[in-house]
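Turn these sequences into a full structure, and let the hints guide you.
First to last, the protein sequences are chains A and B. Take -3 as the starting number for the first sequence in this note's numbering and just add one per residue. Take 147 as the starting number for the second sequence in this note's numbering and just add one per residue.
The set of hints was computed from the structure by calculation and includes no laboratory data. All values derive from a computational prediction rather than experimental measurement. Treat the hints with care, as some may be off.
To be verified - Example chain B residues on the side facing chain A (calculated, C-beta under 8 Å, incomplete):
1. E268
2. D270
3. A271
4. E273
5. M275
6. V277
Every residue, glycine too, gets a C-beta built ideally from N, C-alpha and C.
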Amino acid sequence: MGIEVIVEGLTKSFGRQTVWQDVSLTLPPGEVSVLLGPSGTGKTVFLKSVIGLLKPERGRVLVNGVDMVNSPERDIYEVRKLFGLMFQDGALFGSMSLFDNIAFPLREHTRTKETKIRRIVMERMEMVGLLGAERKLPGEISGGMRKRAGLARALVLDPQIVLCDEPDSGLDPVRTSYLSQLLIDLNAQTDATMLIVTHNLDIAATVPDNMGMLFRRGLVAFGPREVLLTSEEPVVRQFLTGRREGPIGMSEEKDEATLAGELRYGAQLSGPPGPLPAQLEPSPGLPARSAVRRRQARVRELWDELPAPARAALGAAAAPGPGERA
Amino acid sequence: MTAATRLAGPLRQSGRLFALAATTVREVFRRPFQVRELVEQFWFVASVTILPAALVSIPFGAVIALQVGSLTQQLGAQSFTGGASVLAVVQQASPLIVALLIAGAGGAAICADLGSRTIREELDAMEVMGVSPVQRLVVPRVLATMLVAVLLNGLVSVVGVLGGYFFNVVLQHGTPGAYLASFSALAQLPDLYIGEFKALVFGFVAGVVAAYRGLNPRGGPKGVGDAVNQSVVVTFLLLFFLNMVLTAVYLQIVPPKGA
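Here you go:
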């Protein structure tokens, strides 16, 4: 089973500019979570803080009992072997072929024989659709291919926590859907905890078990996907519908006057959310995701705290029986 | 507050530079040792420095020979030209030429390489995969610059001395016998040791400074350019200062021959 990631009171700033403050959330073990947010709200910074590349000023990130913010480098390096991080543009080693790039973690951390490395790497390359490109250098392939190679490299050690930084950017819609399916299949097979940072609405609507959103230097919400997808919060609604009307402006946020003006002219901030798109299922032939069962149990415990629209979206099936209610 | 921050900036930078130097020394002993990377880097640094070093050291040796030669002529100590010019080449000119080339050619390339890898997030990716970039990339580079510096110093000394000999004997009509005799009268083995020791230290400093600036470029391709520029300038400043300190200490603790 995947590993729980607990984030407590995290605050990060660059100089005098606060990126976000007091972010607390828990990535439930083995579940897929998505972190949304307009461009420039520090989503990537958040990912890098979780894995200990950036050091937030306050708060902590607990993974397997190790604080990724304040622990000694040695411990952090050990815990990082549990992670697979897919960088926004792949971050492949420019001097190595795709094959060597993907084999890199295997060669560094395991004593696997070359023949076995070859088999594993080819398997991963097939998974992300890069067979035949293994001798190419990262400079010779397209951005989308680099990205998929980055994903293959992140997955080669069977990580228990997978972090994806905008898996969709630079990919066409078809490949994005394939990638979404790939992530769900992966979760079904390995039961890894996943955090996907994105502003792609399709991924947000169909992939995750849980969703969160960063805006205005803070975490707006984090919870089961139904809570955010049905949320009445203006920021969340505006983002999920992709409209201009709402608190998000071209440059991060609108000033109060513009927002008031919009309201005066009767711009609708929140339309009634339609029926929720269904979550992706693992491909036929794969085991069911055990995260689904665990999430059901979790949602039942939370039931009384959930807002009414979220309860409706979850449906009667998810509701706890009369006896279960505390 | 502004005065404090203005003071704290450089202090923090030098502190982090020293921290990187210490980490580098520590990581040298961590397995697995990156033999392949070391060989590649060694070959690379050697290939960009050997030819320029040889070409620079001939005129340098000549200039010293001519200058010392004309001075000794005025003083009437012509027979000591050889010894004096050889000492100057072996103790001073040779390590400094090595320093200039290691920093200017090798260090600049190392800094640009690491800098562009940093902005492409390659080093972040390495750290995320639990591999220390210092152990994997910096250590082999620093060892390579040190090794090349030591070997290059030998080459530059030899070429410089030969150049001096040629100019003194052929152009200034000195006698070969006097040149060699004064050489063995004034020079001693520790002079060579200090030259090599200086080269070793210069190689280390050049490697660490280049790596430090390469690992911390300030945003974007322009940042890498600036980092390379700064790394060369900072290395020069440090090396000339170190050279002064080492020379002063050496002259204090090692008595000159025959004294």
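Verification of the supplied hints:
| no. | hint | in the structure |
| --- | --- | --- |
| 1 | E268 | 5 Å, holds |
| 2 | D270 | 5 Å, holds |
| 3 | A271 | 4 Å, holds |
| 4 | E273 | 6 Å, holds |
| 5 | M275 | 5 Å, holds |
| 6 | V277 | 5 Å, holds |
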